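Enquirer: Here is how the chains run, residue by residue.
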Amino acid sequence: VVAELLDSIRPLVYDDLANTPDDGRRYEILQGELIISGPPDDTHQLILGRVFARLDAAVAKSEFGSVRLGPRDVRITKHNIVVPDLIAYRTTQRAQATERIFEGAPTFICEITSEDSRRYDLVRKASLYVNSGVDEYWIVDREKQRVLIYQASRGVTDRQIVTEGSIISNNIPGFSIDFADLFAPEGEIGS
Amino acid sequence: MVAAPTRAYEPLTYKDLETLPDDGNRYELLEGDLIVSPAPGLRHQVISGRLFKALDAATESSRFGMTVYAPFSVRFSASNVVEPDLMAFRVDQYHQYKGTYFEGAPAFVIEILSPGSSRTDHVRKATLYMENGVEEYWIVEPQAKRILVHLTVADEPMPRIITEGRLESATVPGFSVELAALFAPELKIFE
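Protein sequences appear in the order of chains B and C.
So in our numbering, spot 1 of the first sequence is number 3, and the numbers just go up one at a time.
So in our numbering, spot 164 of the second sequence is number 233, and the numbers just go up one at a time.
Everything labelled a hint here was simulated from the structure, so no lab data went into it.
All values derive from a computational prediction rather than experimental measurement.
Nothing false has been slipped in among the hints.
Just the calculated beta-carbon pair ranges, DEER-fashion: (1) C/LYS214 to B/THR100: 38 to 46 angstroms; (2) B/ARG148 to C/GLU255: 50 to 58 angstroms; (3) B/SER134 to C/LYS167: 18 to 26 angstroms; (4) C/PRO107 to B/ALA186: 46 to 54 angstroms; (5) B/ALA20 to C/LYS167: 37 to 45 angstroms; (6) B/GLY106 to C/LEU89: 28 to 36 angstroms; (7) B/ALA62 to C/PRO107: 50 to 58 angstroms; (8) C/ASP91 to B/ASN172: 34 to 42 angstroms; (9) C/ALA253 to B/GLU145: 49 to 57 angstroms; (10) B/ILE170 to C/ALA239: 50 to 58 angstroms.
Note that beta-carbon positions come from the ideal geometry of N, C-alpha and C, so glycine has one too.
Bound-form chain C, shown alone (with noise of 0.2 angstroms):
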């Protein structure tokens, strides 16, 4: 874990998140509270892939907008500062992309959780995208083969889970996963 050098006690800004080295750790921010993650492992990476390719041909073939994935960095606020591992956002909202951050809410987000990450760091996230206008968020949990969707039009208590078939984005058009396609082991090719 790297020492937030000089002001760990006190909220800290995305210029702080400047300072920090490029070690491959993901560096984020919630409440000014810096949130360390490490480099993700093969699996993440394949699952990441698997959904980019899909996501991007959504959002292309609809023109519903634009994928983006990590590392990239999402603004809400000086102290709210977020590395989506994949986010979509509105062609309307292209004035949001300022080159090298995404300022306020992307319509939708997608996190894979890693071995390491920490569940309440997910719902923290979950509670800032929600108060925020992010309109879909998914949680992708490869170890549980299962995903957490929070709708904020839906406004329901809990997320939905999904643990098998079809899952249909609510906010990108033509955009859907079937789980067990998404969490097959990584070499199926070969099998």
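One chain only, chain B, in its complex shape (with noise of 0.2 angstroms):
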């Protein structure tokens, strides 16, 4: 089935991903093309858990909305369906929400790289996504020790990197990471 997929003579759709194998790895559609990626490794769980607790902490004590871990479809547009690590959408947006799948573009969007879908969080989709509507998309960059969190209003070209003190949302209201706290060996938080 897979490889029938990855030759396919027409852009995909989401009812594709239907007959993909649960085998653990990703399965998603970028311009109607198969892109596959292995399971998260240690590191990649630690730095999504710790993103996760402080944007569902920040989430719960406002009015913003909800917050999603993934695995869980979202459909951005009909040939492009991704599999994000971690979105955030408005309460006005809760009806976009069914059990099956997020469709169109959440808030906020959160992907840590791995080493084999490095290269698509940092060019199509980070492109994908401000042109979409995502209003902002953060890359934690694991190989350069760095986040870069791209604004849709702003644009594709203005783009911030973070290296040192406080991540801040500028979407979700009390969203913060403290940079170091973030890529710390487990045990040495500070804080």
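Assembling the complex is the task here: the two chains are given apart, and the hints tell you how they should meet.
Expert: Structure (structure tokens):
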């Protein structure tokens, strides 16, 4: 099935993912093309947990809306279906969330890079997200130990690179994370 | 493959394309991702020439609009910039013609596959075209001697696959090609 999809002469859609194997790998569709990534490693999950904990706490205290950990299918457009590590969306967007899938662009997306999907996170997904109505896109770039923040309102070329201090969300009230805490080894988080 | 210099790990834009060498390669951007194709071979050019003659005659005699052949860039967004082999735009789209590039979706696009060109690139282009207003997209496959037809209005999951007979455009009045003639050997005239 996978080989067939990889060699398809037509742009793929959400229904095509229904037949992909349940093997722990992540199956996504970018511009109609099947993209496969391996399961996350331990550091990925450690960092993701830290971002989620702070995001979830901030959202719980505000009127913002909802937070969801991946894997959660998000259909940005008909031929762009992604499975981000973490998404957040406003209460006004709750109608876009069904049991199976989130329809359209959530307000906030965070991806933690892995070796095999880093290039997609940094290039194609960044371009897709900022052009599709995602207001804020965080990429935790493990390889370069930095966080890239794209703000849709300011366009593709205006992108923030954070390597120290506090990382503060512009869209989610009260959501911030200390850069040092993000990459600290387990058990060494300050405060 | 040219190193897409310093910005290979973020979405490239049309500004980056301007810095690339004029070396006969075709440089395109799909979601900020650089796609490099070598200069076309004779077979590709012969087929392109045959299509151009018929398409140009049809767009002119029907007063549909104008036919343009590669290299000429079409800018769908800052990070989606392509150079189709042939395109036709309507008279009322003339304002999208900006002198050195065309902005937005031409009504009709034809791409001719080369032995080295990637099928997934064409799937990605089909997605870009269909989601952004191209009405009709033909992928001509010289080796398989067939044409894949994507029609936006039809909203079909599969492109139509034409292997024989006469194919008529649904978009450009009076434009049609006889597949046998299109794929005939270059030097038929001397046989």
